[in-house]
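2 protein chains.
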Amino acid sequence: MTGPAAQPAGSTLSERVLQGDPRAVARAISLIEDESPQGADLIRRVFARTGAAYLVGITGAPGAGKSTLVDRLIGELRTVGIVAVDPTSPFTGGAILGDRVRMQSHVADAGVFIRSMATRGNLGGLARSTADAALVLDAAGKDIVLIETVGVGQDEVDIVRTADVSIVMLVPGAGDEVQALKAGIMEIADIFVVNKADREGADRTVSSVEAMLSLESFEGGRWRPPIVKTEATTGKGVADLVEALERFRAHTAASLGERRRARAEFRVRELMAHRFVQHVLDRVLKAGEFETLLDQIAARETDPYTVVEAIVRRSIR
Amino acid sequence: MTGPAAQPAGSTLSERVLQGDPRAVARAISLIEDESPQGADLIRRVFARTGAAYLVGITGAPGAGKSTLVDRLIGELRTVGIVAVDPTSPFTGGAILGDRVRMQSHVADAGVFIRSMATRGNLGGLARSTADAALVLDAAGKDIVLIETVGVGQDEVDIVRTADVSIVMLVPGAGDEVQALKAGIMEIADIFVVNKADREGADRTVSSVEAMLSLESFEGGRWRPPIVKTEATTGKGVADLVEALERFRAHTAASLGERRRARAEFRVRELMAHRFVQHVLDRVLKAGEFETLLDQIAARETDPYTVVEAIVRRSIR
Chain A
7 MTGPAAQPAG STLSERVLQG DPRAVARAIS LIEDESPQGA DLIRRVFART
57 GAAYLVGITG APGAGKSTLV DRLIGELRTV GIVAVDPTSP FTGGAILGDR
107 VRMQSHVADA GVFIRSMATR GNLGGLARST ADAALVLDAA GKDIVLIETV
157 GVGQDEVDIV RTADVSIVML VPGAGDEVQA LKAGIMEIAD IFVVNKADRE
207 GADRTVSSVE AMLSLESFEG GRWRPPIVKT EATTGKGVAD LVEALERFRA
257 HTAASLGERR RARAEFRVRE LMAHRFVQHV LDRVLKAGEF ETLLDQIAAR
307 ETDPYTVVEA IVRRSIR
Chain B
7 MTGPAAQPAG STLSERVLQG DPRAVARAIS LIEDESPQGA DLIRRVFART
57 GAAYLVGITG APGAGKSTLV DRLIGELRTV GIVAVDPTSP FTGGAILGDR
107 VRMQSHVADA GVFIRSMATR GNLGGLARST ADAALVLDAA GKDIVLIETV
157 GVGQDEVDIV RTADVSIVML VPGAGDEVQA LKAGIMEIAD IFVVNKADRE
207 GADRTVSSVE AMLSLESFEG GRWRPPIVKT EATTGKGVAD LVEALERFRA
257 HTAASLGERR RARAEFRVRE LMAHRFVQHV LDRVLKAGEF ETLLDQIAAR
307 ETDPYTVVEA IVRRSIR
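Chain order of the listed sequences is A and B. Its first residue numbered 7, the first sequence is counted upward by one per residue in my numbering. Its first residue numbered 7, the second sequence is counted upward by one per residue in my numbering.
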């Protein structure tokens with residue numbers, strides 16, 4: 007023992023995370039979720055030991071069966087860490103319950119760690135803490151980290167887009183959905199899953215996605231997203247999905263670094279923004295000054311752009 | 007004419023916006039969407055003349071019938087501006103089409119201005135440009151600005167939360183949805199709308215929301231969100247919704263300032279973050295330096311927190 011200054015609490019925690027201790031992992035993710043400085047410190051300590059895990063993002067509309075599919079995937083994959091993004095926002099949720107249910111069936115399996123993350127409602131907070139939670143699981147030795155988002159907005163797309171592979175789940179009968187997908191889906195889906203494939207309309211959903219893909223060019227070795235039909239509740243098709251994942255991983259091995267570099271950029275930008283706002287509120291503005299400025303904006307005596315311009319001028323070199 | 011320096015293009019545009027010229031409004035919103043400095047300049051010029059419009063946020067799952075309801079509301083309200091948030095992200099979209107359809111039926115009505123906003127995919131960009139677009143419509147003299155979000159994620163919730171009133175739309179038969187709503191809906195719904203009320207299960211949906219509300223306390227004059235049944239396609243119930251909107255507006259007249267102050271805070275924080283990142287990239291880092299740092303992170307030679315700490319130290323006073 008060399009005293010608290012020489013050996014901060016984080017050092018022991020990071021060592022235990024690197025050893026794969028589930029309690030330490032849970033503690034580390036809690037620190038991250040609370041946006042504690044110890045969380046950032048921990049990431050700094052373990053970061054060099056990350057990068058081995060493969061990050062799998064899964065998204066889709068509510069009710070698409072993501073939780074059930076993830077549950078099935080656990081059985082097919084090696085040591086898995088799961089981050090279930092569980093916004094406290096409306097229209098989503100459900101992961102808390104799903105989490106508990108799954109915990110019961112997999113808690114005995116030492117290779118599996120499941121954790122749901124709640125949103126904080128602050129700008130970018132969810133993407134930030136999800137990324138850090140995935141890093142913790144990576145550092146803890148998980149081969150695969152599944153990031154399951156239980157929402158369908160930009161935030162969730164951001165999260166999934168920054169994974170190593172993105173799975174987009176659809177369900178039959180949601181014709182409007184497929185229509186709506188056309189706009190932006192091409193960018194983020196690496197693999198389509200049509201779940202509940204035993205339902206009426208499954209083939210029609212597959213055809214819709216096929217039709218959409220047929221408009222795109224996949225020349226020059228560009229990956230063409232396969233469409234995998236699954237029945238998550240029975241496990242049918244899950245092996246096909248795992249096979250598609252492996253094919254994608256092999257196909258994109260050479261460009262993985264590029265994808266991860268884009269992820270690093272997103273993170274650095276977001277962290278810079280976050281740290282600056284903290285700095286302004288903690289150090290630049292006098293006590294009560296922020297409140298006064300907001301009052302002046304509310305009273306239309308000034309405007310947000312003028313206020314921000316003045317604050318930024320005072321804050322930067 | 008005093009030359010371009012004394013009379014920038016923005017001055018004429020802002021005057022025309024304040025006169026309610028639809029072409030100027032369209033141009034102004036385009037500048038905002040492009041994140042042009044002229045857009046910020048325009049907001050600065052018109053901001054003092056905003057605040058009169060009442061901002062109505064409408065959100066709900068895809069297919070809930072938001073566009074049709076908004077279309078109906080236009081007929082019931084005075085001069086209306088509409089911002090349809092139309093993310094290019096998956097699972098959403100649809101507004102572009104809806105926009106066109108509606109344009110045809112209302113283009114003759116000079117009091118109505120409809121504009122869809124696309125996401126830019128950058129952090130907070132959508133919330134920022136939606137808020138500014140609403141300000142432009144406000145400055146142009148619209149009494150009511152409807153902000154329709156065609157998604158169900160955190161981004162959309164952020165947008166709707168910062169309106170003066172938030173309408174959350176549900177459809178019968180989406181039992182899971184109501185379940186899922188429980189977590190966070192209380193915070194943002196001021197009025198519930200159960201649309202497609204002629205469908206089987208409408209009463210069950212209403213009961214579910216009632217049951218949820220019954221768990222909350224509405225003592226001390228706290229607004230209890232009413233549940234309005236509508237059939238947007240026929241217009242049934244739309245008058246009831248307008249009446250509920252008016253009751254809410256009267257009930258919260260005293261606290262409107264507070265709500266708008268919270269909105270100002272969100273905007274200022276977000277703008278500070280955005281401006282700082284721009285400053286770092288344009289002024290602080292040398293050419294190619296950002297790329298080198300990202301490479302080092304990708305190679306695990308350093309980590310995002312260490313990089314950001316160093317950049318922030320160099321950038322701030």
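Among the clues, some could well be false.
Since the list gives no way to pick one copy over another, a pair counts as held whenever it fits inside one copy or between any two copies.
[Said to hold, decoys possible] Heads up, simulated SDA-like pairs for lysine to any residue below, C-alpha to C-alpha not over 20 Å straight-line: (1) 235 x 121; (2) 292 x 272; (3) 235 x 300; (4) 242 x 24; (5) 292 x 302; (6) 235 x 217; (7) 292 x 22; (8) 292 x 204.
If you are wondering where the hints come from, they were derived from the structure by calculation, not from laboratory data. Everything numeric in this text was worked out from a predicted model, so none of it was measured.
Taking the hints in turn, this is what the structure says about them:
1. Proximity of residue 235 and residue 121 under a CA criterion of 20 Å is satisfied in neither setting, with 27 Å inside one chain copy and 38 Å between copies.
2. In the homo-oligomer, the alpha carbons of residue 292 and residue 272 lie at most 20 Å apart only across protomers (19 Å), although the nearest pairing inside one protomer, at 31 Å, exceeds that limit.
3. Taking identical chains as interchangeable, the C-alpha atoms of residue 235 and residue 300 are never at most 20 Å apart, the minima being 52 Å within one chain and 38 Å between chains.
4. With identical chains, the CA atoms of residue 242 and residue 24 are never at most 20 Å apart, being 35 Å at best within one copy and 61 Å at best between copies.
5. When the C-alpha separation of residue 292 and residue 302 is checked against a cutoff of 20 Å, the pair qualifies only within one copy, where the shortest distance is 16 Å, while the shortest distance between copies is 37 Å.
6. In this homomeric assembly, residue 235 and residue 217 come within 20 Å of each other (Cα to Cα) only inside a single copy, at 16 Å, whereas the closest approach across copies is 37 Å.
7. Taking CA atoms no more than 20 Å apart as the test, residue 292 paired with residue 22 passes in neither setting, with 41 Å inside one copy and 39 Å between copies.
8. Within a single copy, residue 292 and residue 204 get their C-alpha atoms no closer than 63 Å, and across copies no closer than 57 Å, so neither meets the 20 Å cut-off.
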